[in-house]
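Residue-level listing of the chains:
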Amino acid sequence: MALPFEKLHWYSKLEVADYLVPTSLPQALDMLAAHGGRARVIAGGTDVIPELRSRKLAVSALVDVSRLPDMNAIESDGADILIGGGVTHAQAAASPLIQDKAGLLATGCGWVGSPQIRNVATLAGNLVSGQPAADASVPLLALDAEVTIASAEGLRVVPLSEFFQGVGKTVLDSSREILTSIRFKALGAKQGSAYLRLGKRKAMTLPMLVCAVVATAGQDGRSIQSAAIALGPVAPVPFRERSAEQFVAGKPATPETLAQAAETATAQCTPRDSLLRGSCDYRTEMVKVFVRRGLAAALTQAGCTIG
Amino acid sequence: MQDKMQDKNKTQVLTKARTGLEHLIKTAGKSLTVAGTSVARRDDPLKVTGKLKYGADYPDEGFLYGKILRSPHPHALIKSINTKKAKELEGVVAVLTAEDVPGRNGFGAIIPDQPVICGDKVRFIGDGVALVAAESEKIAHEALKLIEVDYEPLPALFDPRDAMAEGAPKIHESGNLLSDDKMVKGDVDAGFAEADVILERTYQVPFLEHAYLEPDTTMARLQPDGVMLVEGPMQAPFTTRRNVAPVLGIPINQVRVRQIHMGGGFGGKEDSPIDIGCRAAVLAWHTGRPVKISLEREEITIQTAKRHPMIMELKVGAKKDGTLTAFQGVIYDEQGAYASLGPKIPPAGGSHVHAMVMMPGPYEIPNVKVDAYLVYTNHPYGGAMRGFGAPQVHIAHEQMMDELAAELGISAVDIRRKNAFKLGSATATGQVLNQSVGLRETLEACAERFDWDRRLAECGWVDQAKTKRRGVGVAMGWYRTSIGTNGDGCGAAVHVHEDGSVLLYSGITEMGQGAFTVLPQICAEELGIEPGDVRIVQPDTDLVPESGPTVGSRSTTLMGNAIILAARQVKESLLDTASMMLMVPTERLEARGRKIYDRENPGKSLGFAAVAARTMASGKRMIGQGWWTPPPPSLDGHTGQGSPYHVYTYSTHMVQLVVDVETGEVALEDYVAAFDVGKAINPKALEGQIEGGVAMGLGYALMEEVVLDHGVTQNPSLQGYLIPTMLDVPDIQPLILEVPNEMGPYGAKGIGEMPNIPATPAILNAIAHASGGRVSRLPADPEKVFWAIREAGGPPQA
Chain S
21 MALPFEKLHW YSKLEVADYL VPTSLPQALD MLAAHGGRAR VIAGGTDVIP
71 ELRSRKLAVS ALVDVSRLPD MNAIESDGAD ILIGGGVTHA QAAASPLIQD
121 KAGLLATGCG WVGSPQIRNV ATLAGNLVSG QPAADASVPL LALDAEVTIA
171 SAEGLRVVPL SEFFQGVGKT VLDSSREILT SIRFKALGAK QGSAYLRLGK
221 RKAMTLPMLV CAVVATAGQD GRSIQSAAIA LGPVAPVPFR ERSAEQFVAG
271 KPATPETLAQ AAETATAQCT PRDSLLRGSC DYRTEMVKVF VRRGLAAALT
321 QAGCTIG
Chain H
236 MQDKMQDKNK TQVLTKARTG LEHLIKTAGK SLTVAGTSVA RRDDPLKVTG
286 KLKYGADYPD EGFLYGKILR SPHPHALIKS INTKKAKELE GVVAVLTAED
336 VPGRNGFGAI IPDQPVICGD KVRFIGDGVA LVAAESEKIA HEALKLIEVD
386 YEPLPALFDP RDAMAEGAPK IHESGNLLSD DKMVKGDVDA GFAEADVILE
436 RTYQVPFLEH AYLEPDTTMA RLQPDGVMLV EGPMQAPFTT RRNVAPVLGI
486 PINQVRVRQI HMGGGFGGKE DSPIDIGCRA AVLAWHTGRP VKISLEREEI
536 TIQTAKRHPM IMELKVGAKK DGTLTAFQGV IYDEQGAYAS LGPKIPPAGG
586 SHVHAMVMMP GPYEIPNVKV DAYLVYTNHP YGGAMRGFGA PQVHIAHEQM
636 MDELAAELGI SAVDIRRKNA FKLGSATATG QVLNQSVGLR ETLEACAERF
686 DWDRRLAECG WVDQAKTKRR GVGVAMGWYR TSIGTNGDGC GAAVHVHEDG
736 SVLLYSGITE MGQGAFTVLP QICAEELGIE PGDVRIVQPD TDLVPESGPT
786 VGSRSTTLMG NAIILAARQV KESLLDTASM MLMVPTERLE ARGRKIYDRE
836 NPGKSLGFAA VAARTMASGK RMIGQGWWTP PPPSLDGHTG QGSPYHVYTY
886 STHMVQLVVD VETGEVALED YVAAFDVGKA INPKALEGQI EGGVAMGLGY
936 ALMEEVVLDH GVTQNPSLQG YLIPTMLDVP DIQPLILEVP NEMGPYGAKG
986 IGEMPNIPAT PAILNAIAHA SGGRVSRLPA DPEKVFWAIR EAGGPPQA
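For the protein sequence lines, the chains are S and H, in the order given.
The numbering of the first sequence is our numbering, which starts it at 21 and goes up by one.
The numbering of the second sequence is our numbering, which starts it at 236 and goes up by one.
Some hints could be false.
Stated by the list, open to error - Residues from chain S that keep clear of chain H, each with C-beta distances beyond 12 Å, as calculated: (1) E26; (2) T43; (3) S74; (4) E173; (5) L226.
As the list claims (entries may be wrong) - Covered by chain H, according to a simulated footprint, are these stretches of chain S (three or more residues, beta-carbon under 8 Å): (6) 84 to 98; (7) 149 to 157; (8) 260 to 267; (9) 290 to 300.
The set of hints was computed from the structure by calculation and includes no laboratory data.
No experiment lies behind these values; they were computed from the predicted model shown.
Ideal Cβ positions, reconstructed from N, Cα and C, are used throughout, including at glycine.
The shape of chain S in the complex, shown without the other chains (with noise of 0.2 Å):
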């Protein structure tokens, strides 16, 4: 089998006609219909730039959303809290709110490409890759997060467990739609969080595995009420590990508890053997022991007593 000609040959300069910068939403949106989906949506560029160099993607155009109005908002009304579609990894991992009210997303964000990445790459951009390693995404779902996407018909909302769809694939297309905000329910009292993640450095590395949980502690503090367990990239779609959280839901906070849930938490794990990220039986055990670690760190932090 020869090897394609894209792998073995690059050409430094990229292509494309027309590099638009909308200043509303409307006239983003526009510019997109114009271009009938051979325009593409670009906010930091991150995944967008590194796709049309390797010719994966080929736009006759590039909508540039970084400087559409009320996009950067951080912000909660007590209950929920709202982060706009331009917000990037850097300003989410700085919050204090999103590290205090939602401590796993801060870390996750933290954790994406280099300072120079975060300072650009958008969340909203993250969850649109559909990649299953994305940083941003497994706690988004770990918090039952859900997304508004615009269109030339409206505004649309959709929980982001419905959210992906396959590698590189979401309900979104980019070519006539924007992600304009996240929004998600403000961790509470007796809640706690973990974000955990499996990489063969310790920076500037596509995880392994991600483990992002929500525990909720009982009243007596030494039960689980429930737990939201979501993981990545272990499938093609990173997603909520159910059976686990049913398997924990209402049962006393003790080491065998969060063990035998770990050994359920492998029902849906699909992982192929990967010369690059490790083999399918190294990463099911690892998802054992995230699970199991990112319990208990998620129900230590909410004020459960493991014993």
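Here the structure of chain S is known, so what remains is to put chain H in place on it, guided by the hints.
Then chain H, alone, in the frame of chain S:
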């Protein structure tokens, strides 16, 4: 934090008082004023402000873009090539195939076995089958797509043992076994018979990419006078010239190779500039126009030389007290598709022979036998990479020493104390080390600074939940200075000007290692002026004397000696002038601090510049020339006995780390690395070499690997090819010991490669100590560590 920074800024040069080395450290002939001081690196301000211009920064105007069509098959015959459509594309100026190479269709640092353009067959994925020059990069790229090549795939070989097997398809006409070398000392059978314990182990290492930050660029211009000018970042401008000339079929003096600023090399830019330099020159030759070839990161990983992978089989015998009695080794050294820097240049040049010589480690062993096979495969090819065969074999012998110590129930430090080289030791080649042997001193200094005994006692579980264990590791190393060939000469010229400023002509290139700071220091020391008075010229084969390549940890020592000889020649002329001006005999004259004065009456002095002006006005010599060649190396072709390299640098590293035994993740906590460097000419720059080298060795241990599947590189970009980040590298404490080299400038010997060599096995030994998991096939990424712990039956429980 402030304290730590201050501590780090204080360079630690251990003197005899601190190490008890009185018997070894000889006082230098005179006290030094410039050599031995931490002069600030000259290139730093330009680099940190981004003002330094690299090849890719040169304006593109006027250049044609050169591109290489690469083979998509690891091994195939070329049945036909049709370039018609490509030639017809507007903006394409040349599309060249094998028959268009004007001279020899082959290049290589040692053997010209790599076609400039493949004619009949391809031998790895990435082999060049056609060259294009076009008005823009895009057109050149489009033209490549239009070239039609009809291949007949051949069975491909990806394991050196398969390639050695009888009846294996021949990758080159001469056969797949490129070199078969042996080293025999004493009687290994008798040695094993004496042993109380015999261990056998196999260790395996993958291809490594240098990952120098600056991608390769070359620019070739046919000058109006018919001279071919080739410019680029290179470690070996003379080797590039030696290849471009025959490829064009012209004499060497018709090729001019000019060095431009280089952003890292690590051995990789020894032969990648030959590759793209020859190809750009052929395109420039045909088009008559300047041609630039720049490689993208992925192309560098696919196309250029790597560190050789090796499969290493070891058998070691020892007495109960740890005394080694016999060592037997086999190396399957995978050369890949082309010879590059692997094969032997008699008597002891080439990475393969070097690996063989180094394989038993820096230990006294009476009985040794090593069989080393260098084998062609259909993978990318192995070349030079910081250590040149030595890092691989250190990974084997240093892990073996630890496994042996564990088997014997003695400590990892004690087994090394028992066997390490000392003054008068005989190596496995029978070479008696009769000067500058500071290995044991590095072990003791390292153990003291690291506080080995205390740390060893404190290792074990880190947390109550028993998920993480702390361990310590040690490894020793040795590395030659110079390259082991008979032709390892090195020339320099020193030109003093009438205002006292000096131009230093040297062919040694600056790649970040500090040569452009250290070499002027040596020149200034010898002339008695300030380092800032000396400007070193960018190597240009039309200007500088042949200096050999910037490799083999040879620059400071060999070039340093050549500079001293050159400086002394011109200094003689200056002192002669001063003698007449001061009416003082030359023997009484001393030059230092920009003054020439009467040693017996220091008040009687002249400025260096005044003496230079008078010397010039008198028509006397203003240029000194120096040439230094190390003592002739020897290595018997049948027995591997002799003295292959004239002096060695020695080192001991100690590391503390924590292993997450549930996941296999490793976190380094502390690191001490001690070196016997002979003499530190610039201690601060030396520390930089040490820290960078250790980081590189860490990458080899934990994460680096060119992942190949059926000859296809799976991780050509730096997203997939991981090198350590700042967060992976611990605080590194360098310790510098000086056991003078009688043949080095002010006692110096080489240091460029040594730091990265023991780092890898020290870390692997610490992982095994912490977790029980011994990773014998690199890299020790979390998964490999995890399974190694499983294989060991879980972590130690104590």
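Consistency of the hints with the structure:
Some Cβ of chain H comes within 12 Å of the Cβ of S/E26; the nearest lies about 10 Å off, and the non-interface call is violated. Residue-level check passed: S/T43 sits 32 Å from the nearest beta carbon of chain H, beyond 12 Å. The claim that S/S74 is not at the interface with chain H is violated, since a C-beta of that chain comes within 12 Å of its own (minimum 9 Å). Every CB of chain H is more than 12 Å from the CB of S/E173 (nearest about 37 Å), matching its label as outside the interface.
Chain H draws S/L226 into its interface by the beta-carbon criterion, the shortest separation being 7 Å against a cut-off of 12 Å. Proximity of the stretch 84 to 98 of chain S to chain H, defined as three or more residues with a beta carbon under 8 Å from a beta carbon of that chain, is not established by the 0 residues found. Counting residues of the stretch 149 to 157 of chain S whose CB lies closer than 8 Å to any CB of chain H gives 0, which falls below the minimum of 3, so the coverage claim is violated. Chain H is given as covering the stretch 260 to 267 of chain S, and this is violated because 0 residues of the stretch bring a CB closer than 8 Å to a CB of that chain, at least three being needed.
As drawn, the stretch 290 to 300 of chain S meets chain H at 4 residues by the rule of a beta-carbon pair under 8 Å; at three or more, the given contact holds.
Consistency note: the structure conflicts with the earlier hints numbered 1, 3, 5, 6, 7 and 8.
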